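Peer 1: As a plain string of letters, each chain reads:
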Amino acid sequence: MTATETPPDAGTRRVTTAKAMAEAIGLEMRDNPEVFVMGEDVGAYGGIFGSTTDLFAEFGADRVIDTPISETGFIGAGIGAAVEGMRPVVELMFVDFYGVCMDQISNHMAKIHYESGGAVKVPMVLMAATGGGYSDAAQHSQCLWGTFAHLPGMKVVVPSNPYDAKGLMASAIRDDNPVLYLFHKGAQGLVWMEKNPRSIADVPEEAFTVPIGKAATAREGTDVTIVTLSLSVQHSLDVAEELAGEGISVEVIDLRSLVPLDRQAVLDSVAKTGRLLVVDEDYKSFGLSGEIAAIVAETDPTMLAKPVSRLAVPDVPIPYSRPLEYGILPTREKISAAVKDLLA
Amino acid sequence: MTSLDRLAMYTEMVRIRQYETRIMQEYHADKTPAWDIGAGLIPGEMHLSAGQEPAAVGVCAHLKKGDAVTATHRPHHFALAHGVDMNAMTAEIYGRTTGLCKGKGGHMHLFDPENHFSCSGIIAQGYPVACGQAMAMKRRGTDNVAVAVTGEGAANQGAFHEALNLAAVWNLPVVFVIEDNDWAISVPRGESTANTSNADRAAGYGIPGVRVENNDVEAVFEAAGAAVDRARAGEGPSLLEIHTLRLLGHFEGDAQAYRSDLETVDERDPIPRYAASLMESGDLTEAQAEEVKAAADAEVDAAIQFAIESPLPQPEDALDDVFA
Ligand SMILES: Cc1ncc(C[n+]2csc(CCOP(=O)(O)OP(=O)(O)O)c2C)c(N)n1
Numbered sequence: 001m002t003a004t005e006t007p008p009d010a011g012t013r014r015v016t017t018a019k020a021m022a023e024a025i026g027l028e029m030r031d032n033p034e035v036f037v038m039g040e041d042v043g044a045y046g047g048i049f050g051s052t053t054d055l056f057a058e059f060g061a062d063r064v065i066d067t068p069i070s071e072t073g074f075i076g077a078g079i080g081a082a083v084e085g086m087r088p089v090v091e092l093m094f095v096d097f098y099g100v101c102m103d104q105i106s107n108h109m110a111k112i113h114y115e116s117g118g119a120v121k122v123p124m125v126l127m128a129a130t131g132g133g134y135s136d137a138a139q140h141s142q143c144l145w146g147t148f149a150h151l152p153g154m155k156v157v158v159p160s161n162p163y164d165a166k167g168l169m170a171s172a173i174r175d176d177n178p179v180l181y182l183f184h185k186g187a188q189g190l191v192w193m194e195k196n197p198r199s200i201a202d203v204p205e206e207a208f209t210v211p212i213g214k215a216a217t218a219r220e221g222t223d224v225t226i227v228t229l230s231l232s233v234q235h236s237l238d239v240a241e242e243l244a245g246e247g248i249s250v251e252v253i254d255l256r257s258l259v260p261l262d263r264q265a266v267l268d269s270v271a272k273t274g275r276l277l278v279v280d281e282d283y284k285s286f287g288l289s290g291e292i293a294a295i296v297a298e299t300d301p302t303m304l305a306k307p308v309s310r311l312a313v314p315d316v317p318i319p320y321s322r323p324l325e326y327g328i329l330p331t332r333e334k335i336s337a338a339v340k341d342l343l344a
Numbered sequence: 001m002t003s004l005d006r007l008a009m010y011t012e013m014v015r016i017r018q019y020e021t022r023i024m025q026e027y028h029a030d031k032t033p034a035w036d037i038g039a040g041l042i043p044g045e046m047h048l049s050a051g052q053e054p055a056a057v058g059v060c061a062h063l064k065k066g067d068a069v070t071a072t073h074r075p076h077h078f079a080l081a082h083g084v085d086m087n088a089m090t091a092e093i094y095g096r097t098t099g100l101c102k103g104k105g106g107h108m109h110l111f112d113p114e115n116h117f118s119c120s121g122i123i124a125q126g127y128p129v130a131c132g133q134a135m136a137m138k139r140r141g142t143d144n145v146a147v148a149v150t151g152e153g154a155a156n157q158g159a160f161h162e163a164l165n166l167a168a169v170w171n172l173p174v175v176f177v178i179e180d181n182d183w184a185i186s187v188p189r190g191e192s193t194a195n196t197s198n199a200d201r202a203a204g205y206g207i208p209g210v211r212v213e214n215n216d217v218e219a220v221f222e223a224a225g226a227a228v229d230r231a232r233a234g235e236g237p238s239l240l241e242i243h244t245l246r247l248l249g250h251f252e253g254d255a256q257a258y259r260s261d262l263e264t265v266d267e268r269d270p271i272p273r274y275a276a277s278l279m280e281s282g283d284l285t286e287a288q289a290e291e292v293k294a295a296a297d298a299e300v301d302a303a304i305q306f307a308i309e310s311p312l313p314q315p316e317d318a319l320d321d322v323f324a
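These protein sequences, in sequence, are chains W and L. Numbering follows my numbering, in which position 147 of the first sequence is assigned residue number 147; successive positions increment by one, without gaps. Numbering follows my numbering, in which position 103 of the second sequence is assigned residue number 103; successive positions increment by one, without gaps.
Excised from the complex, chain W in its bound form:
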């Protein structure tokens, strides 16, 4: 649980991350007729990864729109509707498909506000599934959040659990800026994929928000800081629990947003522990893990008792075969070993 969001006051129920996302969208749709959803298989199917579960039944084909396989077309259309003041929630089924629509995302969605000198707002949400671990291979397993966060003009949020998924979605829809909302397939709580129990949790039924740009201390600790996000938060919490039994106290910082990035949360934790491990399921070089290391290096490297450690995908495409894929993913075993190395 985190300290920064609106406190839940109604009864809570256990829901999956996927259901939590869909609930947030549904609540906003009830509240605001300008909110609508479009994407591939978001209608009767409910989204391949459950992000629009039950929305079609409630709102119908007029507000939950199945699109052709034309990502440039419908993401561009989302931008157009947004500049007219509507609040579209658009799904790109897998983030890996960014290649066929990146111009709309980067050159239009993310730049129009700046290019127009602030005259034109683009209040849209672009959501996409990320991540691997189930042998979907090189074109369906990437995270890529670092790629988008590198490009100015869009907020990038990456929830790790049902509560944040719901609260961040509400914030994203209400935000006047384009928000890229990246959810990890392995953290959706899907019945057909191996899942961590952390993907199903108590979530209030009513609408609430989690602020964009605030990291959460997912677990407090004193020996080592793990800065991470998305599914790797779940892995890191598992490792922290296990290592607690060995007398190692791990603090886990869940970034939740890459843009804006909560630099202070990183600095505060590292000031306390003096040891920093960044765990990132995205590619290692030129990305998030380097950015987090730079925050400390630029501010005060003397905070560190040991050099920064980075555990990320070692700059290879995601391979298919399980031994290969698990060879490059940041697994619990590798996280645990990296923590111990920092303390050695």
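Just so you know, these hints were derived from the structure itself, not from any lab. One thing to keep in mind: the hints can contain errors.
Derived DSBU-like pairs: lysine-lysine, alpha-carbon spacing no greater than 30 Å straight-line [claimed, not checked]:
hint: 1; chain 1: L; residue 1: 31; chain 2: W; residue 2: 195
hint: 2; chain 1: W; residue 1: 214; chain 2: W; residue 2: 284
hint: 3; chain 1: L; residue 1: 293; chain 2: L; residue 2: 65
hint: 4; chain 1: L; residue 1: 293; chain 2: L; residue 2: 31
hint: 5; chain 1: L; residue 1: 102; chain 2: W; residue 2: 284
hint: 6; chain 1: W; residue 1: 334; chain 2: L; residue 2: 102
hint: 7; chain 1: W; residue 1: 195; chain 2: L; residue 2: 102
hint: 8; chain 1: W; residue 1: 121; chain 2: W; residue 2: 111
hint: 9; chain 1: W; residue 1: 111; chain 2: W; residue 2: 214
hint: 10; chain 1: W; residue 1: 334; chain 2: L; residue 2: 31
hint: 11; chain 1: W; residue 1: 214; chain 2: W; residue 2: 121
Quantities reported herein were computed from a predicted structural model and do not represent experimental measurements.
Assemble chain L with the ligand onto chain W, guided by the hints.
Peer 2: Below, chain L with the ligand without anything else, positioned relative to chain W:
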């Protein structure tokens, strides 16, 4: 078309079907009781082509050494019909070192340079690549052709249109194939596509466009023959839309709750239908049909055995092959 041609096409369709039926069984066998897409000897997404064999077999019957095929996320039928080695392909699907791609690619990323076969999990992106292969063939003065395959859902993707125009304006030896199986995952064709025949889109690029109805392998054979001949003769690309059938879910595990035509699916299966018609015309006997199936099963058994007995890669092998 001779009686032998007919029997060969039937045999190839059965070979593909027996292969995929077995892959389907193996895929599900060790994913119970809690069905987990990432578990088992064959993990990951699995898109089977059952029902679409007439498209692959009718087209590939015209291909020869040096001809290229770019297939889709649903690649098995075209791979087998185009001569990709069943053992190496199966080992790839099992993620083994003896696989086509040493376990790096998987079922959606089968690469066989010897047969100029490839596929991609990104919709319509094989179309431009086929144009490039055709450029190479043309510049080298061969009479080879490149076949590009997509589903009907992919005809609404930009790359599809860019490739058609490129091939037309550069007069490239490409045969563009669309497999219209009525569905793009859960979206029926009519809800995503404004026209009723994608063959009509060919006119926009000034190339011939033909739509083959009824999932009929002989009709595909005829239409594909004309398109391949045209390309070989240097007369440029053609577009062929084949109305076919997705007998199964989009991927294994798809409950198909959205699917309105499910009841009639089995009766539209092209293989029993073709068998019946060949028996009626005297081109196939019961005994032959049994033999064809038994031979296919034996080949499939051997391929699965080969895959299972092959070693899995080592984790550190993941670091190889990023660059040449
Ligand atoms: C660019 C892109 N967008 C979306 C997808 C997800 N996707 C995979 S298959 C598919 C449906 C394809 O339909 P169709 O082209 O008709 O082929 P079929 O699956 O029916 O064989 C979709 C949307 C993708 N792989 N690539």
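Peer 1: Which earlier hints can't be squared with this structure?
Peer 2: none
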